[in-house]
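A.B. asks: Listed here are the chains, written in short residue letters.
Protein chains: 4
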Amino acid sequence: MVGASKAEKGGGPIRLGMVGGGQGAFIGAVHRIAARLDNEFVLVAGALSSDPARAKASAVELGLDPERSYGSFAEMAKAEAKRPDGIEAVAIVTPNNVHFPAAKAFLEAGIHVICDKPVTSTLADAKKLAALVEKTGKVFVLTHNYTGYPMIRQAREMVAKGQLGDVRVVQAEYPQDWLTEALETTGQKQASWRVDPKQSGAGGALGDIGTHAYNLARFVSGLELDSVSADIDAFVPGRLLDDNANVLLRFKAKGKARAAKGMLWASQVAPGNENGLKLRVYGTKGGLEWTQADPNYLWYTPFGQPKQLLTRAGAGATAIAGRVTRVPSGHPEGYLEGFANIYQEAARAIRAARRKGGKPDRDMVFPTVQDGVEGVAFVEACVKSAKKNGAWTKL
Amino acid sequence: MVGASKAEKGGGPIRLGMVGGGQGAFIGAVHRIAARLDNEFVLVAGALSSDPARAKASAVELGLDPERSYGSFAEMAKAEAKRPDGIEAVAIVTPNNVHFPAAKAFLEAGIHVICDKPVTSTLADAKKLAALVEKTGKVFVLTHNYTGYPMIRQAREMVAKGQLGDVRVVQAEYPQDWLTEALETTGQKQASWRVDPKQSGAGGALGDIGTHAYNLARFVSGLELDSVSADIDAFVPGRLLDDNANVLLRFKAKGKARAAKGMLWASQVAPGNENGLKLRVYGTKGGLEWTQADPNYLWYTPFGQPKQLLTRAGAGATAIAGRVTRVPSGHPEGYLEGFANIYQEAARAIRAARRKGGKPDRDMVFPTVQDGVEGVAFVEACVKSAKKNGAWTKL
Amino acid sequence: MVGASKAEKGGGPIRLGMVGGGQGAFIGAVHRIAARLDNEFVLVAGALSSDPARAKASAVELGLDPERSYGSFAEMAKAEAKRPDGIEAVAIVTPNNVHFPAAKAFLEAGIHVICDKPVTSTLADAKKLAALVEKTGKVFVLTHNYTGYPMIRQAREMVAKGQLGDVRVVQAEYPQDWLTEALETTGQKQASWRVDPKQSGAGGALGDIGTHAYNLARFVSGLELDSVSADIDAFVPGRLLDDNANVLLRFKAKGKARAAKGMLWASQVAPGNENGLKLRVYGTKGGLEWTQADPNYLWYTPFGQPKQLLTRAGAGATAIAGRVTRVPSGHPEGYLEGFANIYQEAARAIRAARRKGGKPDRDMVFPTVQDGVEGVAFVEACVKSAKKNGAWTKL
Amino acid sequence: MVGASKAEKGGGPIRLGMVGGGQGAFIGAVHRIAARLDNEFVLVAGALSSDPARAKASAVELGLDPERSYGSFAEMAKAEAKRPDGIEAVAIVTPNNVHFPAAKAFLEAGIHVICDKPVTSTLADAKKLAALVEKTGKVFVLTHNYTGYPMIRQAREMVAKGQLGDVRVVQAEYPQDWLTEALETTGQKQASWRVDPKQSGAGGALGDIGTHAYNLARFVSGLELDSVSADIDAFVPGRLLDDNANVLLRFKAKGKARAAKGMLWASQVAPGNENGLKLRVYGTKGGLEWTQADPNYLWYTPFGQPKQLLTRAGAGATAIAGRVTRVPSGHPEGYLEGFANIYQEAARAIRAARRKGGKPDRDMVFPTVQDGVEGVAFVEACVKSAKKNGAWTKL
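Residue numbers (the UniProt record's numbering), protein chains in the order written: chain A, 1 to 395; chain R, 1 to 395; chain P, 1 to 395; chain S, 1 to 395.
Any given hint could be a false lead.
[As the list claims (entries may be wrong)] DSBU-like mimics (lysine-lysine), calculated; alpha carbons at most 30 angstroms apart, straight line:
id	chain 1	residue 1	chain 2	residue 2
1	S	Lys-384	P	Lys-256
2	A	Lys-104	A	Lys-78
3	S	Lys-82	P	Lys-387
[What the hints assert, rightly or not] Covered stretches of chain A, going by a simulated chain S footprint (3 or more residues, C-beta under 8 angstroms):
id	region
4	30-36
5	266-275
6	287-296
7	322-328
8	331-345
Worth flagging that the hints you see were computed from the coordinates, not collected in a lab. Fair warning: this is a prediction, and the values are worked out from it, not measured in the lab. Built from N, CA and C at the ideal position, the CB exists for glycine as well.
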C-alpha cells in the first residue's frame, strides 16, 4: 500500500491554452481537470467558444486574464506566439471539423498540440496534419484517453511480452444508449454536432466512439488492421450518420501466425449501456478482458489455469501500470485519472522538448497524430465498405 | 417463498429409449438426468453405442433389461415398435451425422423423437426430416436446451409483449476455450467427432455452438434472419472445420420498423471462456442482457430508467418463467434444470398426443424440427458466405 | 469438457419413504427431485401430511400405491418394517418439532433416516437422537444441503490441506427478505410454522438459516466453535421468534495458532436478499470467498498474489469437487444438484450398509446427527446469550 | 450526457498550507490532488515532515517558496498568521497523535482546518478540539472522504426521505489484507505508525478503517449509535493494536420504531481484500448496498420489487449525487474525486466564511469535528468493551 506523488514536480507548470470548451461543453472541463490533476499544466489563455459572448463569459468563469481570452483560435495562435509568456501548448476540444484548422494554426505558430479525437473530420486532412507535425517537430498528442488507464497499459505490455502467445481474436465494443431517441432535435448541444456530418465527418457512432474502440484494440493487441467489412445503420429516423455499426476486422498477419480476426461494435442506441467500452483479446496461450466501466480490473486467463483478477496497483500489477497510478489498490481510479495520464505523458514529452538535447522518456506512451490518421482511415473504410454492401475494404 | 412440485404427475411416466450416450459420452448422461428430473420419463431401451461391447456394458451400467439393449438404432426401432410395452419416444444423442437416419427410423416406426442439435449434418437432410415429421404427425423435439432457461422464457415474452419496442440490435455470442489447442489429436472423444466434417457437417464451432447462439437469438427476439456475412477460421493448424466464426446478421424487417441488425460470434479458441453464451437484445424502448453462466439473472433496462436485475422466481419474474421453475428465488437453477424443462415440454406434448382429441397445451414451447432446419441453414449460409469472402448470403 | 454419468448405477435403487412434503410444502418436492436425480432412490411410501385428506391427495399426485400412503409416521414405520419390500430409508421433511419423534420411530424400526435441519427443536432431543443413532447403527443424514456444493467441498479441502495457513477469521451470513412483512398472518404455510416456537423451537431465522450458515462455517473451516455472543431481534411486530440475529463467534484454538474469530448474520428482514448465504474464510496464507447464489465460483487469494476465480469443473477444480459434479465447467449447477449430492452420499452410505462387511467409502462426506446436535446447540447458545444481554456463552 | 464544470470558479483559489505529507507519505499526495482537482485551493506553505531534511526536500519537490517551508507546525501557524498573503486553511495529514496539537495551533491562529481522521488519538483531546472549534468559529473539516462519493450522498438522501422506511439493520465492513504479515517490521512507514499506540491511539484497524466504516454507517443511516459489544484481536504476533475487530452495534431508537441493530467488521488481515469497505442498510420498505471498490453503483431494492442498479449520473441519480459529479454516467469516478468532493465542500464553507454575513450553503455537507468526536468515542468504546469481554458499552 505505497502511496505516490510521482507526478508532482518542482519545476514550473506548462502554460496551456484551450480552443473550445466553453459553457455547455462537456469535454473541455474534462481536459482542464486532467491538465490540472498532476500540477503539470496551468491554463492561461483560451478561445473558448465560436460565440463571442459565450467565450467571454466562459473565460471569466475560469479566471482567465481577459486579455488572453480570444475571439478565434487564429487570433490566439498569433498573439500567444508573440508573448514571452505565451502558451507552450494548446488543447483543442472543439467539434471534429475544427480540429484540423486549429491544430494547423498552432503548430505553425510553434505551439505543441493536445487534440481531441477523431483527429480530423476527413482522412485527407488527417494526412496533411500528420505531415505538418512531422515538419514542425512539435509534440502532438491525441486524447484517446482510454489508453491512459493503468490496466490497459498492463494489458498492452502482457501482449507485447508474449503472455497471450499469438493473438487470434480481438473483440472490441463500445455501446451507449444516449442517442436511442432523437435527442438532437431537442437542442442538446452534445448530440447536435455529433449527428451532423458537417461537424463530425463521415462517421456518427463510428467516429465518436468506434474510433476509441478501434484505437484501444490496436493499442493493446499491437496489431495493425488490414481491412474491414461493415454494416452500418442510422436507426433513429431522420438521422444522417450511423448510430450503430457492426464491423468485421481482419488484422495483418504477424510472423508465421495466422492473421488475427475480430469484430467491433459501436452503438449509441443500445439501452442499458452508458459507456460500455470493452476489449477482449485471445491468443494461443491466454486471454484478457477489460471493461471501461470497471477499469481497475483486468481479467487474465493463462490457458488451462484459473482466471485471475488483476487489479490496479494490486498483487499482479506491473511497473508499467504503476507508473500511471496514484492511489493504492482497492481505491478506484477512474476516467479523469486515465485522462490525466495522457496529459502527464504529454507533459513529459513537452518538458523533454524544453530541454536542449533532452532525450524523450523511453516509456513515454501516448496516442499520436499517426494514431489519428489510422482512426479516420478506419471510419472512412467502414463507411466505404458499408456503401459497397460490406465488401472487404483496406484501410 | 413457495415451492413447486408442478411436474410431478400421478400418471405413469413415458417410456423412453436412447440412441447413443454410452460410456465416454457426455450429452447422453445429461439427457438421462433431464428426462428423470421431473419423473416424466423412464428409460427402458437403448442402442447406446455403435461399438457392441460398449453398448452392452453401458446398458448394464444403466440397469436396462438386456433384451432391450440393441446393437443398432434400426434394430431397436423395429423391435420396440412391436412390443406392447415398447418405447413411446426416443432420445437421439449421437454425433450429428447419425441424427437423420436414426430419427427417420423411429418416426417411421411411429415413435416420437427427442433429438440433439444440430438436427442433421446437411440442410438437405434437415428438410427431408421436416417433411417426415409433418407426414407422420409425431412429436419432434430438438434439444436447444438454452431455450429452457426460465429467464430466457421471460425475455422472449417481454420482447413479444413490446417491452423493448421495435428490436434494432441483437448481439449473440458463444465463446469457449476447450479447443484452443489440438485436443482432437489426443484421442479425446468429444473433440474428435466435433472437428470431423464427416460426423459434424459443414460447421465446427458454427454447428456445435453457433447454432445454439443463433437459435437463442431467434427464440428471444422473435425475428427471422434474412442473411449473413461470415468470416470463419480454423486457427488450430490442421483443423478442418472452423473454430472461430465472426458473423454479421441482417434480420427481416417487421412491420414498418427498420430491419434489425446483429452480430454473432462463436469460438472454441478463446481462453477464459468456459461456456460464454450471451445474448443482448436492444430495441426502441429498452434492452435485455442474459448470460448462460449466470442464468438466474436477466438484466432489463427500460430506456431512461435504472437497470433492473430480474431474477428467476424473484419479484419481477412472470408466470411464464415460473412455469418452468422448481425452487424459490435465490436458490440457483442451472443447466440440467434448463435441459429438463425441454423434456418437460416434450412430456406435455407426448401426453397430449396420448389423449384422443387432446388439445396441445397453449403454452407449450419447445424447439422443433423447423428450428433445426433454420439452424442447419444458418451454418450452411455462413460457410457459403465465408467462401465468397463474406458476401451477404440468404438463408 | 468431459461429461460424467458417475452416479448411474446398474444396481437397483434404494426404496425410500417420506414423512411430510405433501401439497403446499416446499422442501418435500426438493427432496424428491434430489433423491431422483441420480437414480439412486425410488419413492414408494409416504405419510405426506398430518391432514389425512391432504396426505391422500398428495399420494395420488405422486403415484404412490394407496396402500403405502399412511395416516401417520408411526403407522408407516410399523407397516413398512414388516414388508419384505419395505422402505430402506425415510426422508423426514416436516416442521422441526416432528423431526425427533419421526426419526426415533424409523430408527427403532431399523430404517435409515435422511432428515431436514435443524435436527430437532430442542437440544435435549438432539442429544437423545444422537444416542439412538449410535445405538441402532443406522445411517442418519442431515440435509445441510449447502455442504453438497462442489466448490464448498473444494474450499473445505483447501483449508484442510493448509492452503490458507492458520485460519484467523470466518465471516458467515445468510440474509433473506421474505419475512420483511408479517407474511405469517396471511396464511402462508411456509411462514406460519417457521415463526411458531412450538413448531420451530427456540430459533426463528437462527434455526431456519443461521444453522445453515453455522454448519457451513464449521464444514469449510474445520474449526469447532467455543462460544457465542448474540444480539437477536424480532423486528416484525407480534413475531415471537427472531427474524434477525447478529452473532459474534469464538472458535476453539487449533495447535499453537491464536483462536479464530468470526461473525454470523442471519436475517429474514433484509430487502434485496433472496438467499444470500455467503462464507468467507481468511488465514495466514490466503482467503476464500463463496456465495450460494453463484455457487459455481470460488474466489481464492493466495496472500500476495492475484485473486483467482476457481470454477466448478474448471481449470483449478480438484478431484473432490469433480466427484460431485455432473456437467462441464461453464454449465452451471445449482441448488438441486447440491441437494442431490447429499442424497448421493446417503446412497453410498446405505449401499455400504447393505453389503456384509461393506467398507464405507473413504471420501463419503455428509452432515450427521452430530452436526445436528451442534446446530441446535448453536441456536440455544445464541438465544441464551441474547437473554443475558450478549454474554459469551459456551456451546 | 451533459458534462459539468460546476466547481470552476472565477474567484481566486483558497491559500492552503499542509502539515505532514512529505516524501514517503501516502495521504498527503491524495490531499494535494483533491485540493487541486477543482481549482479551489492553491498550496503555498508547508511543514511537510518532522524530519527537517525531508521537509525541505519535499517542499522543493512541490515547488513551495522556501521561505514558506517550515520546520514545525507551530512555527508555520505563527508565521502564516502574520503574513497578509498567509494561508486561509491548513490540511493536517500527519499520524493521528499530531492532529490535536496541530489543529489547535492553527485554529488559535485563526486558520481553518482540514484534518485527516481519526480526529485525535484520544477522546479527551477530541472533545477539547470540538470545544475549540466552537469557540473560534473556524471551519473544521474532517476528511472522512468516503462520504464524498456521489452514490453515498444519494443513499443518505434516500434513507432521509423514507425510501427505506424505518431502518432495522445496518451492516458495515472494511476488510483489508495489507497487514496480514508483520509489514511494520520491514520499515514500511505506513505500517509502522499505524500499529504504534503512541502514534495511532487506542485503535489499530479500528481507528484506521473502522472509524471510516462507522462514520459511513452513521452518515447514510442517519442513526446515532447507542452502544457496542466488541471482540478485537491482534493476530500478527507482537502487534500491539487490533488488526481485526468484530463489533455488534445497537443504534438509538428513532420515533416509535424498534431500535436498529448492526455489525461492523474491520480487518487488516483478510487476504483478498484491498479496500473492501461495504455498507448495507435495510429498512421496512427497502434495502441499499454499496461497495467502495465499485463506487459508481448503488444497489436499491424497494421491497417486493426487482433490484435496481443506480449509477452515478445515470437514470436514477438524484440532484444531490449530481452536485458532486464531474463526468457522465458510465465514465467511472473514483477515490480521488470522492476525496475532492470533501475539499469542494470545504471550499464552499470557507468562501462562505470569507463573505461578510455570508450564509452557508444549505446543501453543504461534510464531516465535522463532531463526527470526529463520535469516531474516537467509537474506538474507545470498542476497546473498553473488548477489555470487559464484550460487555455492551455506551459511546
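A.B. asks: All hints are to be evaluated individually against the structure, with a verdict given for each.
C.D. replies: How the hints compare with the structure:
1. A C-alpha spacing of about 27 angstroms is found between S:Lys-384 and P:Lys-256, which places the hinted pair at or below 30 angstroms, so the restraint holds.
2. Proximity of A:Lys-104 to A:Lys-78 is assessed by CA-CA distance (about 12 angstroms); at most 30 angstroms being required, the pair is judged to hold.
3. The hinted pair formed by S:Lys-82 and P:Lys-387 fails the criterion: a straight-line CA distance of about 62 angstroms is larger than 30 angstroms.
4. With a threshold of 8 angstroms between beta carbons, the proposed coverage of the region 30-36 of chain A by chain S holds, since 4 of its residues qualify and at least three are required.
5. Coverage of the region 266-275 of chain A by chain S holds [criterion: at least 3 residues with CB-CB distance below 8 angstroms; count 3].
6. Interface restraint, the region 287-296 of chain A with chain S: holds (5 residues with C-beta to C-beta distance below 8 angstroms; minimum three).
7. Residue count for the region 322-328 of chain A with a Cβ under 8 angstroms from a Cβ of chain S: 3. That meets the three needed, and the coverage hint holds.
8. Chain S is given as covering the region 331-345 of chain A, and this holds because 7 residues of the stretch bring a CB closer than 8 angstroms to a CB of that chain, at least three being needed.
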